[in-house]
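Visitor: Residue-level listing of the chains:
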Amino acid sequence: MSSIVSLKRVAKRYQRGKQTVEVLHSLDLEIEAGDFVALMGPSGSGKTTLLNLIGGLDRPSEGEVSVGGQRIDRLSGSALARFRARHIGFVFQFYNLMPMLSAQANVELPLLLTSLSAGKRHQHALTALQIVGLAERAKHKPAELSGGQAQRVAIARALVADPTLLVCDEPTGDLDRKTADEILGLLQLLNREHGKTIIMVTHDPKAAEYAKHILHMDKGTLAPQAVA
Amino acid sequence: MLKQIIAVTGMNLRNLSQRLGVSLVIVIGIAVTVAVLVSVLAMSAGFNKTLANTGRPDRAIVLRGGSEAELSSTISRENTQTIIDAPGVRRDADGKPIASAEMVAIINLPLKTSGADANVTFRGVGGKLQVLRPELHIIEGRMFRPALREVIVGRAAQAQFKGLGLGSRIDMRGSQWTVVGVFESGGDAHESELMADIETALSAYRRNLFQSVTVMLESADTFKAYKDALTTDPTLSVDVKREPQYYAAQSKRLTELLNFLATWVGGIMALGAVFGTLNTMYSAVSSRQMEIATLRAIGFGATPVIVSVFVEALLLSLIGSLLGGLLAWLFFNGNVVNTLGSNFSQVVFRLTVTPALLGSGVSLALVVGLFGGLFPAIRAARLPIVEALRAQ
Ligand SMILES: Nc1ncnc2c1ncn2[C@@H]1O[C@H](COP(=O)(O)OP(=O)(O)OP(=O)(O)O)[C@@H](O)[C@H]1O
Ligand SMILES: [Mg+2]
Numbered sequence: 001m002s003s004i005v006s007l008k009r010v011a012k013r014y015q016r017g018k019q020t021v022e023v024l025h026s027l028d029l030e031i032e033a034g035d036f037v038a039l040m041g042p043s044g045s046g047k048t049t050l051l052n053l054i055g056g057l058d059r060p061s062e063g064e065v066s067v068g069g070q071r072i073d074r075l076s077g078s079a080l081a082r083f084r085a086r087h088i089g090f091v092f093q094f095y096n097l098m099p100m101l102s103a104q105a106n107v108e109l110p111l112l113l114t115s116l117s118a119g120k121r122h123q124h125a126l127t128a129l130q131i132v133g134l135a136e137r138a139k140h141k142p143a144e145l146s147g148g149q150a151q152r153v154a155i156a157r158a159l160v161a162d163p164t165l166l167v168c169d170e171p172t173g174d175l176d177r178k179t180a181d182e183i184l185g186l187l188q189l190l191n192r193e194h195g196k197t198i199i200m201v202t203h204d205p206k207a208a209e210y211a212k213h214i215l216h217m218d219k220g221t222l223a224p225q226a227v228a
Numbered sequence: 001m002l003k004q005i006i007a008v009t010g011m012n013l014r015n016l017s018q019r020l021g022v023s024l025v026i027v028i029g030i031a032v033t034v035a036v037l038v039s040v041l042a043m044s045a046g047f048n049k050t051l052a053n054t055g056r057p058d059r060a061i062v063l064r065g066g067s068e069a070e071l072s073s074t075i076s077r078e079n080t081q082t083i084i085d086a087p088g089v090r091r092d093a094d095g096k097p098i099a100s101a102e103m104v105a106i107i108n109l110p111l112k113t114s115g116a117d118a119n120v121t122f123r124g125v126g127g128k129l130q131v132l133r134p135e136l137h138i139i140e141g142r143m144f145r146p147a148l149r150e151v152i153v154g155r156a157a158q159a160q161f162k163g164l165g166l167g168s169r170i171d172m173r174g175s176q177w178t179v180v181g182v183f184e185s186g187g188d189a190h191e192s193e194l195m196a197d198i199e200t201a202l203s204a205y206r207r208n209l210f211q212s213v214t215v216m217l218e219s220a221d222t223f224k225a226y227k228d229a230l231t232t233d234p235t236l237s238v239d240v241k242r243e244p245q246y247y248a249a250q251s252k253r254l255t256e257l258l259n260f261l262a263t264w265v266g267g268i269m270a271l272g273a274v275f276g277t278l279n280t281m282y283s284a285v286s287s288r289q290m291e292i293a294t295l296r297a298i299g300f301g302a303t304p305v306i307v308s309v310f311v312e313a314l315l316l317s318l319i320g321s322l323l324g325g326l327l328a329w330l331f332f333n334g335n336v337v338n339t340l341g342s343n344f345s346q347v348v349f350r351l352t353v354t355p356a357l358l359g360s361g362v363s364l365a366l367v368v369g370l371f372g373g374l375f376p377a378i379r380a381a382r383l384p385i386v387e388a389l390r391a392q
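So the sequence lines, in the order shown, correspond to chains S and L. Each residue of the first sequence is one higher than the one before, counting from 1 in full-length UniProt numbering. Each residue of the second sequence is one higher than the one before, counting from 1 in full-length UniProt numbering.
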């Protein structure tokens, strides 16, 4: 039982005015520890919705969601927050860095939720910046970084607390080909060398090629798995 | 938890410079509110201080029965004698009662500020004046002499009106009076008056009626006996009041008005400031949406976010209130204000911006900040993370 993510008959419905819209239909999914999964599919097919359920940002309307062996589909808001702090590293399309904090301070943010001392936090953040190749930019503010560099800082922030799972929603959606390839190479390195489990949403077939597996989503259901 | 609170709040405060424009709405709104509140209260405090300084519990003032103020009171010479000789009045070393039967008239003098005429109380006083009112001191020149048309002027009156310098001449009822002295009397209402010898004043005004009698009692405790003696005397129809009671009644109207102003104007402005703060803090929270959603996604709890909103609202309110207090203090503290006091003439008093008043200004501002921050803080805490993250 080496599944690190397990979804059973998961449905997600939204209320739109008087109408109820089902976005995910009785969905089953298993992701193994150490996997690198690319999630593809047309716009509106429910990729972000699924990612949010796995990342503990949202709860399903029906079904079970387990991450790292823990059921998270019925957790309270604060328990979910603790779960995210402990197990999930998020990478967003637009980096979502805090503009007034240096790269170093941005990376340290998740460590404020741990019991690490200030010295240790500093050290861990620097190590994470070294892994993404940006140690020399530690003092820079996000506005002084290129898109690719900002996304590296965001990746350093996502992995600094050593999460169970990296969850990336279109991490290269805002980057040019060359920079995207560098970021994808970095994710691949994190997966291969550091054993990070990664699930990544992308519209870009070239990006998906960096993953070990590609999942296709359409209208709220997953197509049968295919090996990349 | 404290680490998180400090980090999120610190981050937010550093970010405040980017919202300077809207933040000023809070600062200025609260500064104006506090400045107005503090100055109205300072007025009330100054006025109360002036009237509280007027009168002693062991002095009584006697007016004709049913008269609210001296101007509407008349007492015959015969009656003043009965009032002065009644039991309970303290006697001087010479064995004579310490009392003053007084005449009050209103004269017009030009104000120094505008040149417009305003009312001044002219008081004819008896020979025992300085024994009766030991708080009264000549600070310049000398005391008036009986039988001469000489007046002494209160310090506050001199500061307020033109032509009251030593040696100046004043026209009253077609006769000329000379200012021979300036007096102070502990900052009380009499400092806004002019005083002269009673008999000289009566004859200049061709009167033989007095307006009031002020007596020094043997002690504050003999008031009841003294009052009973006068009110049971069938030849008299008078009201007897302790001085502080009389002056408090005179000032009641204005004090009530000022307190009404402070409560309502202050209250309405504070309410306005609450809405201004609410509005600004809502927009602050919505401009922080992405920051807040990202922090929450990372795993931060709602508490640091709530605290950061409150700290911002309270800090801005505090700055506003200090600014407002400073404005009130700079512009109004010690300002001389005159108003119609007893006898419908000018009573001069000073606005006093005390630390206690500044304290109430700051407290009000913090209450405003608390209310103005409350709902935005709740909104920030309830921000749906998923929706906020989609909003980019
Ligand atoms: N809060 C919500 N209320 C109502 N409908 C929603 C809500 N959030 C998402 N949806 C709907 O759910 C569907 C799936 O949205 P989702 O964002 O998961 O798609 P996606 O695959 O990530 O699309 P994209 O590639 O454009 O990011 C869409 O039709 C969307 O409109
Ligand atoms: Mg999406």
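These are computed hints drawn from the structure, not numbers from a lab. Hints are not guaranteed to be accurate.
What the hints assert, rightly or not - Once the Cα atoms are required to be at most 25 Å apart in a straight line, the calculated DSS-like pairs of lysine-lysine come out as:
1) Lys241(L) with Lys3(L)
2) Lys206(S) with Lys219(S)
3) Lys224(L) with Lys96(L)
4) Lys139(S) with Lys3(L)
5) Lys141(S) with Lys241(L)
6) Lys252(L) with Lys227(L)
7) Lys219(S) with Lys178(S)
8) Lys3(L) with Lys120(S)
9) Lys47(S) with Lys219(S)
Visitor: For every hint, state whether the structure bears it out.
Guide: Here is what the structure says about each hint:
Distance restraint check for Lys241(L) and Lys3(L): the Cα-Cα separation of roughly 66 Å exceeds the 25 Å cut-off, and the hinted pair is therefore not satisfied. Our distance criterion of 25 Å between C-alpha atoms is met by Lys206(S) and Lys219(S), whose separation comes to about 22 Å. For the suggested pair Lys224(L) and Lys96(L), the alpha carbons sit about 21 Å apart, so the restraint of at most 25 Å is met. Our distance criterion of 25 Å between C-alpha atoms is met by Lys139(S) and Lys3(L), whose separation comes to about 21 Å.
For the suggested pair Lys141(S) and Lys241(L), the alpha carbons sit about 76 Å apart, so the restraint of at most 25 Å is broken. Distance hint between Lys252(L) and Lys227(L) is fulfilled; the C-alpha atoms sit about 23 Å from each other, no more than 25 Å. At roughly 31 Å between alpha-carbon atoms, Lys219(S) and Lys178(S) are farther apart than 25 Å, so this suggested pair is violated. For a cut-off of 25 Å, the pair hint linking Lys3(L) to Lys120(S) stands: about 14 Å separates their Cα positions.
Straight-line distance between C-alpha atoms of Lys47(S) and Lys219(S) comes to about 10 Å, which keeps the hinted pair within the 25 Å bound.
Hints 1, 5, 7 from the list above are not met by this structure, while the remaining hints are.
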